[in-house]
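In order, the protein sequences belong to chains B and Y. Read left to right, the first sequence gives residues 40 to 141 (my numbering). Read left to right, the second sequence gives residues 27 to 693 (my numbering).
A hint or two may mislead.
Unchecked claim - Here are some of the chain B residues that sit facing chain Y, going by a computed Cβ distance under 10 Å:
(1) L59
(2) V62
(3) V63
(4) A64
(5) W65
(6) R66
(7) V69
(8) I70
(9) I74
(10) Q129
(11) S130
(12) T133
(13) D134
(14) F136
(15) K140
Said to hold, decoys possible - Label pairs and their in silico Cβ distance ranges:
(16) V63/B / Y666/Y: 14 to 24 Å
(17) E98/B / V687/Y: 15 to 25 Å
(18) G688/Y / E98/B: 24 to 34 Å
(19) A60/B / V685/Y: 14 to 24 Å
Treat the hints as calculated values from the structure; they're not laboratory data. Cβ coordinates follow ideal geometry from the N, Cα and C atoms, glycine included.
Below are the chains, spelled out letter by letter.
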Amino acid sequence: MTIPLYEVLILASILFAMGLACVVAWRANVIMMLIGIEIMLNAVMLTFVGGSAHWGIAEGQVFSLMIMALTSAEVSLALAMVAYLHRRKQSVDTDDFSSMKG
Amino acid sequence: MFDLVWLIPLCPLIGSVINGLLGKKIKNETVIGGIAAGAVFCSFLVACGILFQLLSLPGEERVFQKTIFTWIQSGTLKADIGFLIDPLSATMLMIVTGIGFLIHLYSIGYMHGEEGFYRYFCYLNLFTFSMLCLVSGNNLLLMFIGWEGVGLCSYLLIGYYFHKKSAGDAGKKAFVMNRIGDFGFLLGVFTLFWYLGVNHNVWTINFVELAKSADLLVPGAVVTTVCLCFFLGATGKSAQIPLYTWLPDAMEGPTPVSALIHAATMVTAGVYMIARMNFIYIKSPTALLVIACVGAATALFAATIGTAQNDIKRVLAYSTVSQLGYMFLAMGVGAFGAGVFHLMTHAFFKACLFLGSGSVIHAMHHALHHEHSDADPQDMRNMGGLKSKMPITFLTFLFATIAIAGIPGFAGFFSKDEILWQAFANPHHGSANLALWGCGAVAAGLTAFYMFRLVFMTFFGQTRLSEKAFHHLHESPWVITVPLVCLAFLSVVGGWIGVPKILGDVLGGFPNYFEHYLEPVFAYSNAYVAQHAHGAHPSHAVEWGLMGTSVVIACAGIGLAAGLYLIAPSVPEKFVATFPVLHRAVYNKWYIDEIYDFVFVNPCKALGNFLWKGFDVVVVDGIVNGVAAVVRGFSGILRYVQTGFVHNYAFSMVIGVVVIVGVYLFR
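The shape of chain B in the complex, shown without the other chains (with noise of 0.2 Å):
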């Protein structure tokens, strides 16, 4: 049985739009706001494979791949600011880090 690739993409939508809300509207942990991004690359992936199935195409699952090394990379990197914020605050609250104020 094939899962029709509509499907596929609004299950992606839904992934994305919910990592979307997370980023935007939970400003009480950073740490929260990665999983959001997390979540939204994911959606993006599933996109990437849907459609690579779909059309039987291999380059799709290839990108996802990457993307997959990528995020390793980038959430690496991401906990480590964020445990060095945590350092000098005391908190991970992202409104506490608006000393960039114009």
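Following the hints, position chain Y against chain B.
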């Protein structure tokens, strides 16, 4: 020897560079002064060699050009760094290097112990370099370089005591006045270059080539314009009406500077320039008349001011202006040779007079210093009776004074008499000749009067110094007196190389060497005059009569001075009391400075103030500040966009993405 001409300007330049860069480290006055004077002496030796080689050639071959390299090559304009040797430039080279060397020597003694000793000699050498470029350059641009260079050095040296405000102001005044003249000079160069180029396809600024194409200059408005533009330059540099007022103020500089720059060399640059361009001037009777009138008026006008000044150097300054007027009178009546002759004799006796006055000031300064008196060492009212204390200075000064007064046998007589005779007998100005001669003759009388007034007030009579100060007066050291003696000797005998023909005939065919020697330079003009101008030729009796008259006038001036300042010293005071208005006007230099201030300086200042406060501050600054204020206002609003909250930025990114995607989808 001719090939070495480039050494003449180069030596002082090297001296200037050495003293300018290393003088502060050298410190030793003898070494610094030795380098400077030695450099000029080297130039003098080369100049002597060139003069002798020139004299060994036949008259018509006495023109030599030495091009070092091409300086500017642009389209039709070509200017070389090149030198021109002919009798005129050789004469000027001799005067500048010879008198320049004596004055350098004198300066070593005079400037002893002054702060900035090396700076002084650096400037003085730089001046000598510029002046030598001016007189030996073979084209108008190189002459202009020298012309500007001497102006710059004049400014630097007048303002040598720059901590004194009056000295700084005098320097600026000289510079600004000279700039007005330089502007005219440049316009003259442009007009001449354009006129010959456009009309005759002769694109040149080289003197020799210009002289060759003299026939192409058709008398008319353009030639007159060229002449008058150049003459404007000459009035600035040579202190003629209307641009003469800077010269008396220039006495703020050290006295040897006054002798070198403001008496013997730089101020004669205008005369030299007109003599160099004689073939153009002879084509324009209008320009000649203007020059003659300005010269005669300056000679008379400055002489009247000289009669009432009490500052020893100011009297000499007005005397210089007056004597320069004579030279321009000579140029204006077409007597170029006589003008250059007077330039030379004047360089001798005026340099001697200035250096003599410097010797007096030097001694007075020390005497007054001993007494801790703050009386002015330059004021003749503080002097008197100096002849017993300073015999060498007195004698040399006296000889130079006799020379300038025009007593027969001394240098000034021959040159001045020749000018007066030419003013009377020239074929150019018709009925104006008598007036020109009259101005010159009266000025000669006044010259004799104020010069002997100076001598009597300074050296004769009872001293007006205190006994203690008088006791401390002493003769200057040899570095000062040797140049004085040399120059006094030249003032006495220097005139004999240019004995007028009428006198020479009486003396058994004594020839006029100088006129004969300069003849090739003025050959074209002389031929042109012989062809075109037909004036009356007054008889020998008239010439003898005029000569006698000028001698009588000179003697009358001396007699009057003796009467007023030796025999009856109370008369001048009575005279002043009787004619207070006249005396005040003359004493205050006919209020010319005040008139210039009112007519030119103050309106310019008002305009400058308006442009500053009205235009610059309001309009220019307003635009700049307005732009800044607008930017600041907008950014003040826009800064609220930068909240510093990460989620705001994230949200704005989302909106941005939505908008972009929306545009992409619904386009």
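Which of the numbered hints above does this structure break?
Per hint list: 8, 9, 10 and 11 violated.
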